[in-house]
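Here are the chains, one letter per residue:
Protein chains: 2
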Amino acid sequence: MKSDIQIAQECRMLPIRDIGSSLGLSEDDLEYYGKYKAKISLDVLSEREGREDGKLILVTAINPTPAGEGKSTVTVGLGQALNRLGKKTVIALREPSMGPVFGVKGGAAGGGYSQVVPMEDINLHFTGDMHAITSANNLLAAAIDNHVHQGNALGIDIRKITWKRAMDMNDRALRDVVVGLGGKPNGYPREDGFMITVASEIMAILCLSTSLMDLKDRMGRIVIGYDLKGDPVYCRDLKVEGAMALLMKDAIKPNLVQTLENTPAIIHGGPFANIAHGCNSILATRTALKLGEYVITEAGFGADLGAEKFLDIKCRFGGLKPKAVVIVATIRALKLHGGAKKADLSHADLDSLAKGIVNLEKQIENIQGFRLTPVVALNRFATDSEEEIAFIKEFLAGKGIEMALTEVWEKGGEGGLDLARKVIEAADRMEGDYEVIYDTDSPLKEKIETIVRKIYGGNGVAYAAAAEKQIQDLEKFGLDRKPICMAKTQYSLSDNPKLLGRPEGFEVKVNEVRVSNGAGFIVCLTGDIMTMPGLPKVPAAEVMDIDESGNIVGLF
Amino acid sequence: MKSDIQIAQECRMLPIRDIGSSLGLSEDDLEYYGKYKAKISLDVLSEREGREDGKLILVTAINPTPAGEGKSTVTVGLGQALNRLGKKTVIALREPSMGPVFGVKGGAAGGGYSQVVPMEDINLHFTGDMHAITSANNLLAAAIDNHVHQGNALGIDIRKITWKRAMDMNDRALRDVVVGLGGKPNGYPREDGFMITVASEIMAILCLSTSLMDLKDRMGRIVIGYDLKGDPVYCRDLKVEGAMALLMKDAIKPNLVQTLENTPAIIHGGPFANIAHGCNSILATRTALKLGEYVITEAGFGADLGAEKFLDIKCRFGGLKPKAVVIVATIRALKLHGGAKKADLSHADLDSLAKGIVNLEKQIENIQGFRLTPVVALNRFATDSEEEIAFIKEFLAGKGIEMALTEVWEKGGEGGLDLARKVIEAADRMEGDYEVIYDTDSPLKEKIETIVRKIYGGNGVAYAAAAEKQIQDLEKFGLDRKPICMAKTQYSLSDNPKLLGRPEGFEVKVNEVRVSNGAGFIVCLTGDIMTMPGLPKVPAAEVMDIDESGNIVGLF
Chain R
1004 MKSDIQIAQE CRMLPIRDIG SSLGLSEDDL EYYGKYKAKI SLDVLSEREG
1054 REDGKLILVT AINPTPAGEG KSTVTVGLGQ ALNRLGKKTV IALREPSMGP
1104 VFGVKGGAAG GGYSQVVPME DINLHFTGDM HAITSANNLL AAAIDNHVHQ
1154 GNALGIDIRK ITWKRAMDMN DRALRDVVVG LGGKPNGYPR EDGFMITVAS
1204 EIMAILCLST SLMDLKDRMG RIVIGYDLKG DPVYCRDLKV EGAMALLMKD
1254 AIKPNLVQTL ENTPAIIHGG PFANIAHGCN SILATRTALK LGEYVITEAG
1304 FGADLGAEKF LDIKCRFGGL KPKAVVIVAT IRALKLHGGA KKADLSHADL
1354 DSLAKGIVNL EKQIENIQGF RLTPVVALNR FATDSEEEIA FIKEFLAGKG
1404 IEMALTEVWE KGGEGGLDLA RKVIEAADRM EGDYEVIYDT DSPLKEKIET
1454 IVRKIYGGNG VAYAAAAEKQ IQDLEKFGLD RKPICMAKTQ YSLSDNPKLL
1504 GRPEGFEVKV NEVRVSNGAG FIVCLTGDIM TMPGLPKVPA AEVMDIDESG
1554 NIVGLF
Chain X
1004 MKSDIQIAQE CRMLPIRDIG SSLGLSEDDL EYYGKYKAKI SLDVLSEREG
1054 REDGKLILVT AINPTPAGEG KSTVTVGLGQ ALNRLGKKTV IALREPSMGP
1104 VFGVKGGAAG GGYSQVVPME DINLHFTGDM HAITSANNLL AAAIDNHVHQ
1154 GNALGIDIRK ITWKRAMDMN DRALRDVVVG LGGKPNGYPR EDGFMITVAS
1204 EIMAILCLST SLMDLKDRMG RIVIGYDLKG DPVYCRDLKV EGAMALLMKD
1254 AIKPNLVQTL ENTPAIIHGG PFANIAHGCN SILATRTALK LGEYVITEAG
1304 FGADLGAEKF LDIKCRFGGL KPKAVVIVAT IRALKLHGGA KKADLSHADL
1354 DSLAKGIVNL EKQIENIQGF RLTPVVALNR FATDSEEEIA FIKEFLAGKG
1404 IEMALTEVWE KGGEGGLDLA RKVIEAADRM EGDYEVIYDT DSPLKEKIET
1454 IVRKIYGGNG VAYAAAAEKQ IQDLEKFGLD RKPICMAKTQ YSLSDNPKLL
1504 GRPEGFEVKV NEVRVSNGAG FIVCLTGDIM TMPGLPKVPA AEVMDIDESG
1554 NIVGLF
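Protein sequence lines correspond, in order, to chains R and X.
Here the numbering used here runs 1003 ahead of the position in the first sequence, where the first position is 1.
Here the numbering used here runs 1003 ahead of the position in the second sequence, where the first position is 1.
Wrong hints could be hidden among the right ones.
Copies of the same chain look alike in the list, so a pair counts if it fits in one copy or across any two.
The calculated DMTMM-like cross-link candidates involving lysine to aspartate or glutamate, where the alpha carbons are at most 20 Å apart (straight line), are [unchecked claim]:
1) 1163 / 1234
2) 1090 / 1421
3) 1252 / 1123
4) 1038 / 1021
5) 1038 / 1253
No lab work stands behind these hints, which were simulated from the structure alone.
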């Protein structure tokens, strides 16, 4: 079996100029980054303001398991399939973070015959967006410590600086650090930490901004910490939002690439799906909607986290109106949800499947709760038995839900034609708009409880003492009238990663409530949220290599 | 008076494709990064192996002073002037570090009407080379801490890890840090620090490599620290040099831009001129030599540091044979060397000038010591008096040294025509090759003393106890047969920044001797060497801004 990088390197890419032409983009609309990548001018969007939008389709999933569901692969495969059916389609994906590439992951740009290319570039530096975000993040951090060192006119409390430094690397040693050691010339020692770049609020801001000036304003509004009186200190107080915007002048432009089948793909922005909202940028999605009849996008993790934030945060802010939702599931993963062991997944096991399908059932109900029509994509594995497939088909038919088998990893767009047809039908049937599940202006706790009850299926919410205080503070400072960005384990509908399937009767424990004031949402942390991953015992980096002819190994 | 960014933004740039064509480069030879930047394929060099090289001209300077000498501006202006004289000329410059742009500096790409453009890109992310170096540097750092965390099979002594993390930011708080805090999941706490990216050995390696495979081998040879037995541990022991090379696959390719007068400029690599050798990359210079009749390059700081390392390290490693050397001086700076105060520089002061000109005299002798012909470029200021200019002219005439007045800041290439003519003559007169001043295989102390006596004019060298021990260790491990990279203050010929002019009778104190085994040189530290700058009281970042039309302010 060929590896992803082998398949990717054998593909015949079209010059990105030709991909642009196929979307009606001129030379002036694109800035080339090599032959196969380009940035799309923001003018493309503003010049097409009056044009009707294409149809927006979200791809989401059941709660992820170690078996892997293939959400990105289905997203790419569905786009390729629609293209084969003669529908002008644009795929709108998140940019992968470089850090995890060196850890376990190897790469993240779809897989098999449903990949975006050039995958080695997309997985590494790409067009430099991540680096720009890292730089803007760390310029603000340097400005904070410099301000304190130079006299601290703002009275910043160095014990309450919430802005962390960032690096696009899996580096556990940087999670908790002390900076400013070495004596007076080096400033004041204080506790600090690094996040991986995709967890930075700058990334969330990039993804929610509607223009460079909006981006600058949002960066100015970032709360960097608190002063000695306890009042919030903003980025704009340090006067560096202009320099930060300058650093982001190119990063804000969406990136155009293609799939293995030459379907256009816009890859832009990739915020963490826990501490942030886990969706690609509003600007990229809007641009794609002006260029294609169909736009296929995805959101991080399962529908309880990804789809909820996509709909309640991204679409709300961006005025986006999705027409249908694909929920990706695999038989292997559903059996894990039903209690099967990972080692036994290759055997037919209707019992575990029947127990685990409730996870899919709940995600379907969740999507319906937003007044949207879900289509289930059952991503087929060689080990799936006919009985198991028949069981799921029957289960879904009983609920009036369409299902399509997909084989996009092995067959590319050809393996997603049935799904594509069903998605077209679902989108055609959609009338009116989807509905958010809570009002931004509702009290903070009410918004949190709505998500927990309606989406997670929990009984209620318990607040840690610290969280109670933080909620009071946010209300006092008038920083509470924003959507909620839940930071919860992706593995369970609850806040306990061990409760698979469709848990009931649980309470969600909120440990911390923070404002991402620039991004414009309140982050609500449940459980331990990791914002800086580590490397495993044998990092993927150890097998990566490049030879003198440019052949690459170890990206997969 | 217009600011540099104003002048730069008013210039009519040619599409970089046209600049490439003027050098005989095809579409396939270039990878575009937007419309005005491109990476040059390494094949361009290998395909032209048999072709005769152009003439290499080095631009260096007297010891720098707060008055500023304009070395980069003269370099760009000279290139433009040669071009005006019908000589096909390529300028080969270092890439500016982004960090200092936000501090005092504002920008570093020449000035006035002798700039390289697009200056806002060159000064910020450019084509991402700095970010690639930062990533490769920090991947190695993460691999080290991960190795220790995962069981430390190599027995790395965490008290003796010499590899530091890097960031392209002026951030004093990161000079001395403790990482790995927070308990067992975060690894072992240890002292660490960040360098600014240009001070990373990866940058020096990039600049001294002759191919991607050479780069990979050199990265593998990096000494990252010592094990518990006291033996060196190498990057290759951690098996990440392949992944690091993958990260550098594009960064190794030289970048093509242009000057305000559309003269081609290759800007690639910018190692710190103290901890490293301060020259642009060998690959860029070699490529330029295959494309132009004349190649103008520069080296960091004054001739005692920059030219010496250019000749003894870069040209030695790269087999480069410079044909002439320009020494940039200003009357204002020479008066400072003669004891004048900065506030008085606008008044004629023959006395201070006569006292300070000895600095120029010594730098001339130094260049002659390498068997090269210096031409003095007197970079003219409005405040220079005729008497002062006449004095210098006479002084140099007495030594048989050519001098040219330059007004390249105000007039572009037009202001450098006289210099260009004299450089052409000097290069034509050059017979045979220059000579290095020491043999790589000589004992370490002998090499250091040769530099101190011949170039700095000192009496001898004193070694700190630590340095003695380090020299013994390097000899023991067989790591000593390499050129010396002196890390010394740039302000004086001695190691005391206060001794201006041409100090005599001094001893140089060597505090530390380190091997940059990947780069292939021994760093010899005298005095305090800063590898991470800080931001000033009012950082340049505070005045930088960009508006909705893309107009930029604050880069100068």
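A quick look at each hint next to the structure:
For a Cα distance limit of 20 Å, the shortest separation of residue 1163 from residue 1234 inside one copy, 10 Å, qualifies, whereas the shortest one across copies, 43 Å, does not. Taking the closest pair of Cα atoms, residue 1090 and residue 1421 come within 20 Å of each other only inside a single copy of the chain (14 Å); across copies the shortest separation is 65 Å, beyond that limit. Proximity of residue 1252 and residue 1123 under a CA criterion of 20 Å is satisfied inter-copy only: 11 Å between copies versus 24 Å inside one chain copy. In the homo-oligomer, the alpha carbons of residue 1038 and residue 1021 lie at most 20 Å apart both inside one protomer (10 Å) and across protomers (17 Å), since each shortest distance falls under that limit.
Taking the shortest alpha-carbon separations for residue 1038 and residue 1253, both the intra-copy value of 18 Å and the inter-copy value of 13 Å come in at or below 20 Å.
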